[in-house]
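Generate the whole structure from the sequences, applying the supplied hints.
Chains as they are written, first to last, in full-length UniProt numbering: chain A, 1 to 309; chain B, 1 to 309.
Please note that the accuracy of each hint is not assured.
[To be verified] Derived contacts from chain A toward chain B, CB cut-off under 8 Å, selection only:
no. : residue
1   : 48
2   : 190
3   : 230
4   : 291
No wet-lab data here; the hints were simulated from the structure.
These numbers were taken from a predicted model, which means no experiment stands behind them.
For glycine and all other residues, C-beta sits at the position ideal for the given N, C-alpha and C.
2 protein chains.
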Amino acid sequence: MNRPLFDKVTLIGVGLIGSSLARAMHRHGLAGEIAGCARTEESCAHLLELELCDTAHSDPAEAVQDADLVILCVPVSANAALAEAMAPGLKRGAIVSDVGSVKQSVIRDVDPFLPEGVHFIPGHPIAGTEHSGPEAGFAELFENRYVILTPPPGSDEEALEKVAQLWRTCGSTVEIMEPGHHDKVLAITSHLPHLIAYTIVGTAANLEESERREVVKYSASGFRDFTRIAASDPIMWRDVFLNNREAVLEMLQRFNEDITALQRAIRWGEGEMLESRFQQTREIRRGVVELGQAGTFDPREPEKVKKEE
Amino acid sequence: MNRPLFDKVTLIGVGLIGSSLARAMHRHGLAGEIAGCARTEESCAHLLELELCDTAHSDPAEAVQDADLVILCVPVSANAALAEAMAPGLKRGAIVSDVGSVKQSVIRDVDPFLPEGVHFIPGHPIAGTEHSGPEAGFAELFENRYVILTPPPGSDEEALEKVAQLWRTCGSTVEIMEPGHHDKVLAITSHLPHLIAYTIVGTAANLEESERREVVKYSASGFRDFTRIAASDPIMWRDVFLNNREAVLEMLQRFNEDITALQRAIRWGEGEMLESRFQQTREIRRGVVELGQAGTFDPREPEKVKKEE
Ligand SMILES: NC(=O)c1ccc[n+]([C@@H]2O[C@H](COP(=O)([O-])OP(=O)(O)OC[C@H]3O[C@@H](n4cnc5c(N)ncnc54)[C@H](OP(=O)(O)O)[C@@H]3O)[C@@H](O)[C@H]2O)c1
Ligand SMILES: NC(=O)c1ccc[n+]([C@@H]2O[C@H](COP(=O)([O-])OP(=O)(O)OC[C@H]3O[C@@H](n4cnc5c(N)ncnc54)[C@H](OP(=O)(O)O)[C@@H]3O)[C@@H](O)[C@H]2O)c1
Numbered sequence: 001m002n003r004p005l006f007d008k009v010t011l012i013g014v015g016l017i018g019s020s021l022a023r024a025m026h027r028h029g030l031a032g033e034i035a036g037c038a039r040t041e042e043s044c045a046h047l048l049e050l051e052l053c054d055t056a057h058s059d060p061a062e063a064v065q066d067a068d069l070v071i072l073c074v075p076v077s078a079n080a081a082l083a084e085a086m087a088p089g090l091k092r093g094a095i096v097s098d099v100g101s102v103k104q105s106v107i108r109d110v111d112p113f114l115p116e117g118v119h120f121i122p123g124h125p126i127a128g129t130e131h132s133g134p135e136a137g138f139a140e141l142f143e144n145r146y147v148i149l150t151p152p153p154g155s156d157e158e159a160l161e162k163v164a165q166l167w168r169t170c171g172s173t174v175e176i177m178e179p180g181h182h183d184k185v186l187a188i189t190s191h192l193p194h195l196i197a198y199t200i201v202g203t204a205a206n207l208e209e210s211e212r213r214e215v216v217k218y219s220a221s222g223f224r225d226f227t228r229i230a231a232s233d234p235i236m237w238r239d240v241f242l243n244n245r246e247a248v249l250e251m252l253q254r255f256n257e258d259i260t261a262l263q264r265a266i267r268w269g270e271g272e273m274l275e276s277r278f279q280q281t282r283e284i285r286r287g288v289v290e291l292g293q294a295g296t297f298d299p300r301e302p303e304k305v306k307k308e309e
Numbered sequence: 001m002n003r004p005l006f007d008k009v010t011l012i013g014v015g016l017i018g019s020s021l022a023r024a025m026h027r028h029g030l031a032g033e034i035a036g037c038a039r040t041e042e043s044c045a046h047l048l049e050l051e052l053c054d055t056a057h058s059d060p061a062e063a064v065q066d067a068d069l070v071i072l073c074v075p076v077s078a079n080a081a082l083a084e085a086m087a088p089g090l091k092r093g094a095i096v097s098d099v100g101s102v103k104q105s106v107i108r109d110v111d112p113f114l115p116e117g118v119h120f121i122p123g124h125p126i127a128g129t130e131h132s133g134p135e136a137g138f139a140e141l142f143e144n145r146y147v148i149l150t151p152p153p154g155s156d157e158e159a160l161e162k163v164a165q166l167w168r169t170c171g172s173t174v175e176i177m178e179p180g181h182h183d184k185v186l187a188i189t190s191h192l193p194h195l196i197a198y199t200i201v202g203t204a205a206n207l208e209e210s211e212r213r214e215v216v217k218y219s220a221s222g223f224r225d226f227t228r229i230a231a232s233d234p235i236m237w238r239d240v241f242l243n244n245r246e247a248v249l250e251m252l253q254r255f256n257e258d259i260t261a262l263q264r265a266i267r268w269g270e271g272e273m274l275e276s277r278f279q280q281t282r283e284i285r286r287g288v289v290e291l292g293q294a295g296t297f298d299p300r301e302p303e304k305v306k307k308e309e
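Quick look at the structure:
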């Protein structure tokens, strides 16, 4: 590839996802130039220090100047204000995209601010970790992962194809989806699991001090996986729940019915019912493993247990 | 160490935990001889093939003949019948232990069958994976993990120390606990997390076919961790819930109250409440990581995604 796919790309927000994108674009030569946008001068200086961007700006309109592609990589509630702020700087023909975990709200919040002649191709990489900030990213984050694009009806085909090409070069498989459908699917695969993990870790956090210490100590028996998920960024997740309310509440309702049934089976000692429910879920796991989406988990620790006094 | 800690050890049930113990005992020279007990001739032959035991038996009384230490490594509901069956073969001075995930029920089920002069030291290694059977074990499973021993009042000190020594040599840190307290702590660190993981994966399993395929496909966004936990052995977990009913129902009650509060906050758009709850849980994660109990999770896949048609 002689010429990069985009001459200039601007990342609005360079945290876990934004910095992983910057790293992947560097590695694959996808952008002639990368501009980053952060809220403070301090953050801007940090992005340059980490060599994630060629230029860093705290003014969104300045950051998007001359950009061929602008990607919003901020918590979803921040999108509206940033779209409004950057709009005057967007050039005609520019493509605006994002990586937010909710798609209907992004369309609602961003689309109205975009000038005529700017193409909007919302997206969501199904990839992440519980860490956040620009140090947490890595170039391989998107490899073997799906990226869902939810172009509004009548979107520019060429713009869609270019965004898809970007993600494919980063190692992802691109899927097109209707935004409302995206929000429903993610409510069960991502939003509800996070809500539940936050809840159970919160339940443990409310135990009295001595019990809480034991919960941490003996967490290797299942709990630790929930603590990992519940260590995700509170602002990002607050925004997800506020912006995908309907779908999350609907899935939570179903979950509540199912857990009530299991609760009843435990209370009445219905072993057969428990066993058959627990059997059913193995098939789903098999599907996840077969599709290569299981991740790698090793219960062995890299370091020795720190002995307590 | 010239002489092994035990001349002869019998494992009743050689699955994930039993076979990991056999491997660790081999590695550290802890047993002069290891006998295995399985239900069928086929399983027995398999244990010999895998070189996990020196002898394999389908008759528990025969398996425990001359054993200095007998460890029950079966689903907890199987303990009573096995204790009754093996009792006539136990020698005077033998130590009986177990690895079950519930401790009050094991004491209730096993103790009454043990002859005079046999020492009972129940135990529970806080270590495991979602896999089961003799192939799934590995010698390092117990390294840097806690093992909780719950000796009944008046237990033989020497027997307790020998069992503790066995686990320490396998790399574990041994803790002594009252059995009822163990069952409460594990209800929140292990039993409730498994119940919830089974439930949410079950909720997804009940979606219609096309949605279910999407849940599997996009599982990398949080759901996959739950599928891993929910792939654990159905029989083992049925038995845990049937045998630790009170403590699990009590914790489930608290969890239900907490999730109802979050549900309400989402419904009414109470962002501050959500954010502060999500903030609180990070501290717990920090504790888990600091204690070296976090395990190693890498979202990168070892193999490439199998492309779908
Ligand atoms: N984490 C995941 O697993 C994951 C996966 C898929 C999609 N996503 C989506 O990706 C987006 C970013 O998530 P992330 O994990 O990369 O978060 P992150 O690591 O916290 O990074 C977000 C960045 O946005 C900036 N920012 C935060 N609030 C802002 C505001 N109000 N106005 C302007 N800039 C703001 C911050 O930079 P400064 O503080 O320096 O200004 C920060 O570096 C979210 O929409 C999320 O839904 C996340
Ligand atoms: N898995 C974990 O993460 C974990 C962690 C800590 C403690 N534990 C506890 O460890 C114990 C064993 O769990 P595991 O994970 O090792 O299970 P596993 O891999 O399924 O092994 C259990 C073994 O017990 C035998 N068995 C099953 N039912 C039996 C019965 N009714 N009578 C006699 N033998 C029977 C089976 O052998 P055959 O079919 O060949 O007879 C099987 O190999 C359980 O009490 C569990 O609570 C498990």
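Here is how each hint holds up against the structure:
Hint status for residue 48(A): violated, given a least beta-carbon distance of 27 Å to chain B, over 8 Å. Nearest Cβ of chain B to the Cβ of residue 190(A): about 4 Å, under the 8 Å cut. The hint holds. Taking 8 Å as the C-beta contact cut-off toward chain B, the hint placing residue 230(A) at the interface holds, the least distance being around 4 Å. Because the smallest distance between the Cβ of residue 291(A) and any Cβ of chain B comes to about 6 Å, under 8 Å, the interface hint for this residue holds.
Hint 1 alone, counting from the list given before, is not met by this structure.
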